[in-house]
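What follows is the residue order along each chain.
Number of protein chains: 2
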Amino acid sequence: MSALNTDLYELTMAAGYFAAGKTDEIATFELSVRRLPPQRNFLIAAGLAQAVDYLSTLSFQREEIDYLRSLEQFKNTPPDFFDYLAKFRFTGDLFAVPEGTPIFANEPIAIIRAPIIEAQLVETYLLSTFAFQTMVASKAARCVMAANGRPIIEFGSRRAHSPAAGVLAGRAAFIGGCAGTSNTESGMRFGIPVFGTAAHSWTMAFPTEEESFRALQRLLGESTVFLLDTYDTIEGAQLAAKVGKPLWGVRLDSGDIAGLARQVRGILDRAGLREAKIFASGDLDEYRIAEFVQSGAPIDAYGVGTQLATSADAPTLSVVYKLVEIGKGDQVRYAAKFSDEKSTLPGAKQIYRSPTHDTLTLHNECKPESFGAPLVCPVMIDGIPLEMRSSITELKARAQKAIAALPKELLSLEPVEPYRVEISPQLLALAEEVRRQRHVVR
Amino acid sequence: MSALNTDLYELTMAAGYFAAGKTDEIATFELSVRRLPPQRNFLIAAGLAQAVDYLSTLSFQREEIDYLRSLEQFKNTPPDFFDYLAKFRFTGDLFAVPEGTPIFANEPIAIIRAPIIEAQLVETYLLSTFAFQTMVASKAARCVMAANGRPIIEFGSRRAHSPAAGVLAGRAAFIGGCAGTSNTESGMRFGIPVFGTAAHSWTMAFPTEEESFRALQRLLGESTVFLLDTYDTIEGAQLAAKVGKPLWGVRLDSGDIAGLARQVRGILDRAGLREAKIFASGDLDEYRIAEFVQSGAPIDAYGVGTQLATSADAPTLSVVYKLVEIGKGDQVRYAAKFSDEKSTLPGAKQIYRSPTHDTLTLHNECKPESFGAPLVCPVMIDGIPLEMRSSITELKARAQKAIAALPKELLSLEPVEPYRVEISPQLLALAEEVRRQRHVVR
Numbered sequence: 001m002s003a004l005n006t007d008l009y010e011l012t013m014a015a016g017y018f019a020a021g022k023t024d025e026i027a028t029f030e031l032s033v034r035r036l037p038p039q040r041n042f043l044i045a046a047g048l049a050q051a052v053d054y055l056s057t058l059s060f061q062r063e064e065i066d067y068l069r070s071l072e073q074f075k076n077t078p079p080d081f082f083d084y085l086a087k088f089r090f091t092g093d094l095f096a097v098p099e100g101t102p103i104f105a106n107e108p109i110a111i112i113r114a115p116i117i118e119a120q121l122v123e124t125y126l127l128s129t130f131a132f133q134t135m136v137a138s139k140a141a142r143c144v145m146a147a148n149g150r151p152i153i154e155f156g157s158r159r160a161h162s163p164a165a166g167v168l169a170g171r172a173a174f175i176g177g178c179a180g181t182s183n184t185e186s187g188m189r190f191g192i193p194v195f196g197t198a199a200h201s202w203t204m205a206f207p208t209e210e211e212s213f214r215a216l217q218r219l220l221g222e223s224t225v226f227l228l229d230t231y232d233t234i235e236g237a238q239l240a241a242k243v244g245k246p247l248w249g250v251r252l253d254s255g256d257i258a259g260l261a262r263q264v265r266g267i268l269d270r271a272g273l274r275e276a277k278i279f280a281s282g283d284l285d286e287y288r289i290a291e292f293v294q295s296g297a298p299i300d301a302y303g304v305g306t307q308l309a310t311s312a313d314a315p316t317l318s319v320v321y322k323l324v325e326i327g328k329g330d331q332v333r334y335a336a337k338f339s340d341e342k343s344t345l346p347g348a349k350q351i352y353r354s355p356t357h358d359t360l361t362l363h364n365e366c367k368p369e370s371f372g373a374p375l376v377c378p379v380m381i382d383g384i385p386l387e388m389r390s391s392i393t394e395l396k397a398r399a400q401k402a403i404a405a406l407p408k409e410l411l412s413l414e415p416v417e418p419y420r421v422e423i424s425p426q427l428l429a430l431a432e433e434v435r436r437q438r439h440v441v442r
Numbered sequence: 001m002s003a004l005n006t007d008l009y010e011l012t013m014a015a016g017y018f019a020a021g022k023t024d025e026i027a028t029f030e031l032s033v034r035r036l037p038p039q040r041n042f043l044i045a046a047g048l049a050q051a052v053d054y055l056s057t058l059s060f061q062r063e064e065i066d067y068l069r070s071l072e073q074f075k076n077t078p079p080d081f082f083d084y085l086a087k088f089r090f091t092g093d094l095f096a097v098p099e100g101t102p103i104f105a106n107e108p109i110a111i112i113r114a115p116i117i118e119a120q121l122v123e124t125y126l127l128s129t130f131a132f133q134t135m136v137a138s139k140a141a142r143c144v145m146a147a148n149g150r151p152i153i154e155f156g157s158r159r160a161h162s163p164a165a166g167v168l169a170g171r172a173a174f175i176g177g178c179a180g181t182s183n184t185e186s187g188m189r190f191g192i193p194v195f196g197t198a199a200h201s202w203t204m205a206f207p208t209e210e211e212s213f214r215a216l217q218r219l220l221g222e223s224t225v226f227l228l229d230t231y232d233t234i235e236g237a238q239l240a241a242k243v244g245k246p247l248w249g250v251r252l253d254s255g256d257i258a259g260l261a262r263q264v265r266g267i268l269d270r271a272g273l274r275e276a277k278i279f280a281s282g283d284l285d286e287y288r289i290a291e292f293v294q295s296g297a298p299i300d301a302y303g304v305g306t307q308l309a310t311s312a313d314a315p316t317l318s319v320v321y322k323l324v325e326i327g328k329g330d331q332v333r334y335a336a337k338f339s340d341e342k343s344t345l346p347g348a349k350q351i352y353r354s355p356t357h358d359t360l361t362l363h364n365e366c367k368p369e370s371f372g373a374p375l376v377c378p379v380m381i382d383g384i385p386l387e388m389r390s391s392i393t394e395l396k397a398r399a400q401k402a403i404a405a406l407p408k409e410l411l412s413l414e415p416v417e418p419y420r421v422e423i424s425p426q427l428l429a430l431a432e433e434v435r436r437q438r439h440v441v442r
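Protein chains in written order, with this note's numbering: chain S, 1 to 442; chain A, 1 to 442.
Where hints are given, some of them may not hold.
[Claimed, not checked] Dumping the calculated DSS-like pairs for lysine-lysine here, alpha-carbon to alpha-carbon at most 27 Å:
#1 S:87 x S:328
#2 A:87 x A:75
#3 S:75 x A:242
#4 A:87 x S:75
#5 S:328 x S:277
#6 S:245 x A:75
#7 A:277 x A:245
#8 S:22 x A:75
#9 A:75 x S:277
#10 S:242 x A:75
#11 S:242 x A:242
#12 S:245 x A:22
#13 S:75 x A:22
Since the hints were made in silico from the structure, they are not lab data.
What you are looking at is a predicted structure, and each value in this text was computed from that prediction instead of being measured.
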């Protein structure tokens, strides 16, 4: 992948570190979320596989280096910096929580330890990769909770922020608990079940609605889903009842979905189509799904598009990538930022999870008995991925299990008291020391 | 590009049209925005160049076809459909408003006329391409209005919805009026000015803040921007004053930006650095920029990130892609959807703009004297792009001119009375006829 997909300042800093003779300086950066959006009681980490793909393959092409050389900002840069870029590869270490792990504010989603130029250069790509998939997986988890066992299909590619985002949204939504996606490329690339039958335009492309229904049925047989609301939902349902089997069910995409679902259920049942399912879509989100479920509307499955693929009620995450250590081993210097609202804690960290709370510790603290399981694991060492990738179905299963193990009150769609994340005494003491001295050399 | 990046139902419908013998049926689809977000008085169309790239190159790879063949949904599909996919190319026509054109609800951003399978298959990709860039260009235009002449740099790659979205956000923001982007790949691919100097981690990577400032200055000379708020903004400003020239200026990224800007301006001026500029960033949007400008804060330029690259206050656009005609010439049948809130107008359309309002007409209506200039232009004919692409700087200039020509009241950050879009009597009459008969054959 192209290492040029990054903020320019990552590259000017790279040139500066090179000029300052810091090519061998080791830096550790932590990627975390500064605060949870008010509408989220937890997040589901996602994006790690794409981060690994990126770190394993990034490099500069000759024409990219020529482009950089042409920029005003590099006119004082030592020429051998560009030779360095030509050989540039990521040679560092990556630690991360597994995809599908519930995470909270200020907990490390990923930790990069690498020569400072490498660690700095990958910031932009890693932030957008983890943030976007984490947002979508987290939103998916909420929709799945709301549906209370009924399957949710991710339908949002058309409203995703670019076609590439749509492909990743399908993946993240599956990790977050969805049953599948409408995005065909996502299905093929990531091995996710794909769903889809026909749009309103299909109905309109035939001289009559009945002809369109029969043509679909010939094609899809028992997978047939009649979309009812092109002209009139009730007439559409009566037509579906007349055309009859084979079919999987019908889809409602507009209007008073809950009310229409009841009427349509009646029409189908009276025609002996009790097995036919009702699928609802059309500007849905977790709140509308929860209403339908609570009202007892006879809806068997949901398609969620726009709101899911854009996490529209919380379309940004305050992800940050902060320098926490410079050097390693005996030479480590701890770093943190203390300015106003943007302060950070120094040192690479570990997360221990117990049934009631998490504890944030230094990465190399001795683990007290009372702490739970550590969540941050090694993923790449010296630029080489460890062979430990789970299948996407395993990631989804792990997420479901981990969500179920959270304190019950967090599993509400409404905001609740934040989950407790304690900071170990050793980490607190280090933070205070760094605050006083700006840097602490150990 | 891969034609597989689409919703599965586009492919099942393609199989259905193929099975129904509709491979030669010509369909016309219109891409438009159903309603403007409440916070937008106009939108700036963008994304056309990427749409053309896609339509010019899309095809199916052998392994993609094998994947489709393996899916349950295609088990009844005639085998020669897969041979058809192997040769699949887009052979249709594309009409669109030029990028940078202000547009309003229900106006066609793009019109596709092609064999129905082709026209249907490209829906998903086109929707996300046009919607995302249009959102970002529109948000950029608002930030630029608020800054009242001061340059805005797009800084949001790290918060964009995937790394690929960040590259496109830089492009769209430039069309919307930004002076440049931090995204280096966007700069190279699209010829956009790129900006960036150093992050907080740069300051922290040196034993003292002064060493970090001097190293940056050695590298960047007159392009140097000292980031002041890593430890303490006022101390940072005093240090910048001490280090002195050469420098472009300083950057404030947190805290009470307007108040700090005044203090920092004083410190710089007293040190004889009257030419040094103050650049502000950090969770900015058009409203905060307008406040700074109105308060007379001495800020010379702005970086806008998250809010711009995600259009965070309106992160979705209700873009739709609706069948408006089937067939062509003497055989055209007009189509529309009338169900509830999702109704559409039939027929391919043209937009005429006057100084006070737009008029939406049928594409082939005779143009009355009173109408202004038509906005929808041919872009591809028979799958071949017309040679008429403007440079991105021309697109930006066109947008600025077109925005300035809008009724003044629309150029408010607050919601105002919607711009008037009239519907021609001929179009209204056709809509009524289609509503009565479902389809109108002419």
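Hint check:
For a cut-off of 27 Å, the pair hint linking residue 87 of chain S to residue 328 of chain S stands: about 24 Å separates their Cα positions. A threshold of 27 Å between alpha carbons decides the hint, and for residue 87 of chain A with residue 75 of chain A the separation of about 20 Å falls inside it, so the pair holds. At most 27 Å may separate the alpha-carbon atoms for a hinted pair to count; residue 75 of chain S and residue 242 of chain A meet this at roughly 25 Å. For the suggested pair residue 87 of chain A and residue 75 of chain S, the alpha carbons sit about 49 Å apart, so the restraint of at most 27 Å is broken.
Between residue 328 of chain S and residue 277 of chain S the alpha-carbon distance is near 59 Å, which puts this suggested pair outside the 27 Å criterion. Between residue 245 of chain S and residue 75 of chain A, the direct Cα distance comes to roughly 17 Å. Compliance with the 27 Å bound is thereby established for this hinted pair. Between the alpha carbons of residue 277 of chain A and residue 245 of chain A the distance comes to roughly 12 Å, so the proposed pair stays at or under 27 Å and holds. Annotation: proposed proximity of residue 22 of chain S to residue 75 of chain A is violated, straight-line Cα distance about 60 Å (limit 27 Å).
Between the alpha carbons of residue 75 of chain A and residue 277 of chain S the distance comes to roughly 21 Å, so the proposed pair stays at or under 27 Å and holds. A distance of roughly 25 Å separates the Cα atoms of residue 242 of chain S and residue 75 of chain A; the hinted pair therefore holds under the 27 Å criterion. In summary, the hint linking residue 242 of chain S to residue 242 of chain A is not supported, as the alpha carbons are separated by about 85 Å, beyond the 27 Å threshold. Distance restraint check for residue 245 of chain S and residue 22 of chain A: the Cα-Cα separation of roughly 24 Å lies within the 27 Å cut-off, and the hinted pair is therefore satisfied.
Distance check on the hinted pair: residue 75 of chain S and residue 22 of chain A sit about 60 Å apart at the alpha-carbon level, beyond 27 Å; violated.
Consistency with the previously given hints fails for numbers 4, 5, 8, 11 and 13, ordered from lowest to highest.
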